[in-house]
Amino acid sequence: MHQTENHAFLISNLNTLSNQSQEEEQESNMLAAQFPQRINPPVVTDQYHHSETIWRVILDIISLIILLIITIISHYVAKPFTRGFFCSDTSIQYPYENNTIPTYAAVILSICLPIFWVSYIYSK
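Numbering (the working numbering), first residue to last: 11 to 134.
Just so you know, these hints were derived from the structure itself, not from any lab.
Be careful, since some hints might not be right.
What the hints assert, rightly or not - Simulated pairs of lysine to any residue, SDA-like, Cα-Cα distance not exceeding 20 angstroms: (1) Lys89 to Ile79; (2) Lys89 to Leu77; (3) Lys134 to Pro124.
Everything numeric in this text was worked out from a predicted model, so none of it was measured.
Use the sequences and the hints to build the structure in full.
So this is what it looks like as structure tokens:
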């Protein structure tokens with residue numbers, strides 16, 4: 011009779027545990043239904059990533075070579091027109107003018123305005 015009571019006690023505890031696990035599973039399903047499921051991006055294999063990186067480096071090198079060719083051509087082929095001048099030449103002299111922009115306006119435009127603009131952009 012003692013074994014029967016122990017057996018019944020174990021079965022009731024197992025039923026209680028299974029009911030608790032079912033309730034926890036239902037609660038977790040309810041919580042999962044409240045939040046959108048996260049969709050992970052497809053996994054990129056190392057080989058694909060490696061070949062993509064190689065092509066980007068090759069494209070960068072080709073762009074650099076094209077830029078160097080254009081720079082060399084413009085430096086050696088396209089000679090700028092040069093003309094000498096004399097300091098006493100009156101045709102290039104202009105009267106001296108004071109600052110046309112006040113100092114406070116330059117400070118506001120160069121420091122304060124960019125700070126406000128960036129803070130406005132990042133506040134959105």
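Outcome of the hint check:
At most 20 angstroms may separate the alpha-carbon atoms for a hinted pair to count; Lys89 and Ile79 meet this at roughly 16 angstroms. In summary, the hint linking Lys89 to Leu77 is supported, as the alpha carbons are separated by about 18 angstroms, within the 20 angstroms threshold. Proposed proximity of Lys134 and Pro124 is supported: the alpha carbons are some 16 angstroms apart, at most 20 angstroms.
Comparing the model with each earlier hint shows no violations; every hint is respected.
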